[in-house]
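**Student:** Generate coordinates for the entire structure from the input sequences, incorporating the hints supplied.
Just so we're aligned, residue 30 is where the sequence shown starts under the numbering used here, counting upward by one.
It is worth saying that the hints were derived from the structure and are not from the lab.
Check before you lean on any hint, since a few could be wrong.
Each pair of labels, with its calculated beta carbon distance range [to be verified]: (1) Ile-259 with Ser-512: 51 to 59 Å; (2) Ile-504 with Phe-343: 52 to 60 Å; (3) Ala-424 with Lys-608: 30 to 38 Å.
With a straight-line cut-off of 25 Å between C-alpha atoms, the simulated SDA-like cross-links for lysine to any residue are [claimed, not checked]: (4) Lys-292 with Leu-306; (5) Lys-564 with Lys-292; (6) Lys-518 with Tyr-476.
For every residue, glycine included, the Cβ atom is placed at its ideal position computed from N, Cα and C.
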Amino acid sequence: MINKLKFNKELHFLRSLSILLVVFFHFDLLNFNGGYVGVDIFFVISGYLITSIILQDNNFKFTSFYFKRLKRIYPLILFIIIFSLILANFILSPIHYERLINSSQYTAFGLSNLFFFYESGYFDQEKLFKPLLHTWSLSVELQFYLIWPVIIYFVNKFFYKKLLIIILLLFIISLSLSFLYSNRTDAFFYFTGFRIYEFCIGTIAYLILNKKKIKPNTSLFYFGLVLIFISSIYFNENSNFPGAIALVPCIGAFLIIIFKLPKSNNLNIFENKFINLTGNISYTIYIVHWPILIFYTYYFMRFPDNLEKILLIFIIFLFSIFLNKYYETPLRYGKVKSKFQLSNLYLFAIFFSCILSIQFSKENIQKPLQNNFYENEVIKTVFDGRDLKNRIEDAIYEKNMKINPADIKKDSINIVIGDSHALDFYLALTTLNQTEKFKYYDFDYFYCFNKKNFKDRIINTLNYKVLKRKNSCEIALKELNMSYISKAKNLIISSRWSRDIDFTQISNYFNVSNQNKIIIINGHKFYDIPTLYFKTKSNVNNFAKNLLKQNYISLEKLNFSEKKDLKFFDKTSLNCNPKCLVFKDGYLLYSDKDHWSMKSMKFFGEQIKANNFFKLVK
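**Tutor:** What follows is the structure, given as structure tokens:
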């Protein structure tokens, strides 16, 4: 026998609040810089609901549970995939259409969080090319649905008295991992394991309420609300999330669920029609709002102004109401007046239609778009240059492997060392007939010189002493040909720097007497330049200027050593002084958002010379 779940006004209120925070954050409204915490509150709600469903059902069946969850979440996921594929055909460039195809496949199978985990961080500017980025949280939900019933059911069956203790243990483990690892890279934002503790908070709330009657407490209810608003306003894209600070909004949600409001003191917030409406369609709003915003921004190549934001949100609400009434609700509750009503085949029909749509788009839409894109002479030059650059890099690597340091006279060469950005700098130098004076050495491990804190030391102990993992940094540094590098007169170091880089460590590691070390600072990072050109043609310079992201790592923001053997050269001035140039004389200066094109190497070489770089290498 199933005990029907009682309607929980607090949960409904939290749904409404959470989706509003997420929408305000994505639309950059009302200074809700941390509005993304709305997703974390949704996770708390899910933990509460899923646990209550399992424990209140005396005849709980896994198959029934999983299928009901699929009916709840999948129809809208599949809808938004097909919706995005259709719109993308008219809006996205082939590069981003191809990415959409790939992300669609992962989204359809509830794995989009893993796809975006390996791509880039949630707050990276690349998010503007990802209509399905928001589905990462739905994949986390699906993965939670998969494992949580097994945990709750069997723990409750065999260790009933210790259920709360075990959940608390899972909470501590997940929170600890999130605390330790979440600041290692932005990609961990998507990782399910770092979110489990948020679901646990919802579970704990249910277990407490199920065992003990908690009296309503107005003060604690509003304190929970204050915690949510503080986190949604004062958190931002630079916050270490979902580390321990995610506890703030989650505890806020916990207090609201636990302590409720007395009926005499609810100020009618639970009866408000707008609150009830947004709570009812919160999932639908979440599904549709992000793709609509992204497609709009992508089409016009600018973020909407305030009036446009309001109009878009209004359209999103109307569209969500329509979808909820005529699509989501009928499929969820089986109120379909057709022969399919007798079974749930329609759900599988939608799924396979989605898979076929992805495949059809890939074979019949993507390829013609790609042909049109890559046949453009300017863009074709860019991608041919990419292939050439890869071949050059491979040839240099093979040549360097055969170098005998003993054959090189000390102070006779300058070595450019680093990742793909170092290669760009080296190739630009070679256009100045300086080939014999400059050599390139591939080294993609400068992130190993990050600032070390207490958490890093704990992680290193766990990884290399407890888990016995191989230390990639240690291996890479041992493999450095220091006898070759030490022969250089100047060591020119270029990489994709982060704010955590410690140049003092670099200086100390490459401690060669009388050797200058020149740090090449990141230039500006743009939107994808070939895409900009494809959409705007020769007007691309104006668009690049307007869309410029001030997220490059400037000299002022870097933690660099005051040692005299360190010098700095900022790439920003090469083509952004003060206006930014990305298209010149019929060719593109960039092959993507921040790498130079092969065609532009002569231009950047001349700019390097004009900006007095060679005074640093004397």
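**Student:** Decide, hint by hint, whether the structure agrees.
**Tutor:** Taking the hints in turn, this is what the structure says about them:
1. Ile-259 with Ser-512: 51 to 59 Å: Given range 51 to 59 Å: holds, Cβ gap about 56 Å.
2. Ile-504 with Phe-343: 52 to 60 Å: 56 Å, holds
3. Ala-424 with Lys-608: 30 to 38 Å: Given range 30 to 38 Å: holds, Cβ gap about 36 Å.
4. Lys-292 with Leu-306: 21 Å, holds
5. Lys-564 with Lys-292: 57 Å, violated
6. Lys-518 with Tyr-476: 24 Å, holds
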